[in-house]
Amino acid sequence: MVIIFRYPPLKHIRLHKLGYSIFRDPDVRERFKQDPYKVMDEFGLTEEEKQLVMSRDGVKMYDLGIQPYIIFALVWQAFGDWPSREKIKQLGYGRSIPQRTIER
Amino acid sequence: MARIVGGAAGPHSPVVYKLPWEESGDYVAEMEKVRGALKEIGRRIGESNVDTILVFGADHVQSFWFGCFPQMMLFTGEEADYSIGGNKIMRLKNNRELAEELLFGLVEEEFDVGFSQEIDFFDHPFTVPLYWILQGADNRDIKVIPFQLNTNVHPRVKLQRCYKLGQSVRRIIENSRRNDKVFIIGTGGLSHYPGTPYYGNVDEEADMFIVEKLREGRVRELTDLGYDWLDATGNHELGSWIAAAGAVDVKSTEVMTYWKAWNNGYCVVWFNV
Chain W
1 MVIIFRYPPL KHIRLHKLGY SIFRDPDVRE RFKQDPYKVM DEFGLTEEEK
51 QLVMSRDGVK MYDLGIQPYI IFALVWQAFG DWPSREKIKQ LGYGRSIPQR
101 TIER
Chain X
1001 MARIVGGAAG PHSPVVYKLP WEESGDYVAE MEKVRGALKE IGRRIGESNV
1051 DTILVFGADH VQSFWFGCFP QMMLFTGEEA DYSIGGNKIM RLKNNRELAE
1101 ELLFGLVEEE FDVGFSQEID FFDHPFTVPL YWILQGADNR DIKVIPFQLN
1151 TNVHPRVKLQ RCYKLGQSVR RIIENSRRND KVFIIGTGGL SHYPGTPYYG
1201 NVDEEADMFI VEKLREGRVR ELTDLGYDWL DATGNHELGS WIAAAGAVDV
1251 KSTEVMTYWK AWNNGYCVVW FNV
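Quick mapping for you: the protein sequence lines, in order, are chains W and X. Quick note: the first sequence uses our numbering, first residue 1, plus one each step. Quick note: the second sequence uses our numbering, first residue 1001, plus one each step.
Watch out, some of these pointers could steer you wrong.
[What the hints assert, rightly or not] Computed list of chain W residues with no C-beta within reach of chain X, every gap over 12 Å:
| no. | residue |
| --- | --- |
| 1 | M1 |
| 2 | D25 |
| 3 | R31 |
| 4 | Q34 |
| 5 | Y37 |
| 6 | M40 |
| 7 | G44 |
| 8 | T46 |
| 9 | E49 |
| 10 | S55 |
| 11 | K60 |
| 12 | D63 |
| 13 | E86 |
| 14 | E103 |
[Unchecked claim] Here are the in silico distance ranges between beta carbons for each label pair:
| no. | chain 1 | residue 1 | chain 2 | residue 2 | range |
| --- | --- | --- | --- | --- | --- |
| 15 | X | E1079 | W | K33 | 16 to 24 Å |
| 16 | X | R1177 | W | R95 | 38 to 46 Å |
| 17 | W | K87 | X | N1175 | 50 to 58 Å |
[Said to hold, decoys possible] Beyond 12 Å from chain W on every Cβ pair, some chain X residues (computed):
| no. | residue |
| --- | --- |
| 18 | G1046 |
| 19 | S1048 |
| 20 | N1139 |
| 21 | H1236 |
Calculated directly from the structure, the hints in this document are not laboratory data. Where is the CB? At the ideal position from N, CA and C, for every residue including glycine.
One chain only, chain W, in its complex shape (with noise of 0.2 Å):
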């Protein structure tokens, strides 16, 4: 049984507040994009969590456990950057999908 959008588990709740905030508030965002080790920081980010965002790996956060939604904001509305077709090749999207049946 694969579940994809799955429950938040609570070790990251710190990582998913930051990306909320990141969406929901624009003074944040903006403070963010110019400092985010201050901003991580507020948010009490581990060293471990600080690495994971300025990855941008958001491939890398889901196998990790943080939330599919959290990591639009994490990775593209943090840095600006949405992924087109060509970019989502590049960062390793696109990987196969679960075992399914269909049964007619």
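Fit chain X to the given chain W structure using the hints.
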């Protein structure tokens, strides 16, 4: 007596509102067909003198946070802002009186729905289809009841429950002494994998399976699908469609458009009553 005069479903991707990147002429033309189908829904709504649209949509952790994330929530305030990517697009009046009837009625029917009388905004799951539909309806003074139905953060509302929710909504509206003419919309889908490593895939075979069931009016057969299958096929947002189909008591479905883009199976349907 209030009544449901019809229903429809369609995508809510922000891309349907505005392309954030350069695309080919073919892509742009296909996207125009999707927008055109949504506007056609609006045109038909206008002809039917609909005064209220009830929208089943699923928040994307934009209106709500994990501090309190509702499975089901009815908006019972007077009016609300509608945004895309957090940017305000429009402000729409709610049919507060009917929303309150629905809230009390649903709890009576053992759907323990939460309510909100004040909210910062509803984002693209509500705004995008409404933007085009209301244009098609010549932006008449149609009131909108937004209904948050969680299909995006696990654990989620099961499809059987979504269908029964729609049926309850229908019963409550039909038993109301109000005179509202209500149209129901389900938003989202079809196959896509936003924010995941699977992004860039579209499970067209699964989409066609769903579309054929809808076309033949065999909606109940879809309600056995679980979130493992729905996630695997990128159809995690189907619950909003099922709730709308349940409310309409759909007999068959007109597929207004289906387009397999590189990142989304875009489909707009009209539920025949």
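Here is how each hint holds up against the structure:
no. : hint                        : in the structure
1   : M1                          : violated (4 Å)
2   : D25                         : violated (9 Å)
3   : R31                         : holds (16 Å)
4   : Q34                         : holds (19 Å)
5   : Y37                         : holds (23 Å)
6   : M40                         : holds (18 Å)
7   : G44                         : holds (15 Å)
8   : T46                         : holds (18 Å)
9   : E49                         : holds (16 Å)
10  : S55                         : holds (14 Å)
11  : K60                         : violated (9 Å)
12  : D63                         : violated (7 Å)
13  : E86                         : violated (9 Å)
14  : E103                        : violated (9 Å)
15  : X/E1079 / W/K33: 16 to 24 Å : violated (33 Å)
16  : X/R1177 / W/R95: 38 to 46 Å : violated (54 Å)
17  : W/K87 / X/N1175: 50 to 58 Å : holds (52 Å)
18  : G1046                       : holds (33 Å)
19  : S1048                       : holds (35 Å)
20  : N1139                       : holds (28 Å)
21  : H1236                       : violated (5 Å)
In this structure, the hints that do not hold are numbers 1, 2, 11, 12, 13, 14, 15, 16 and 21, in rising order.
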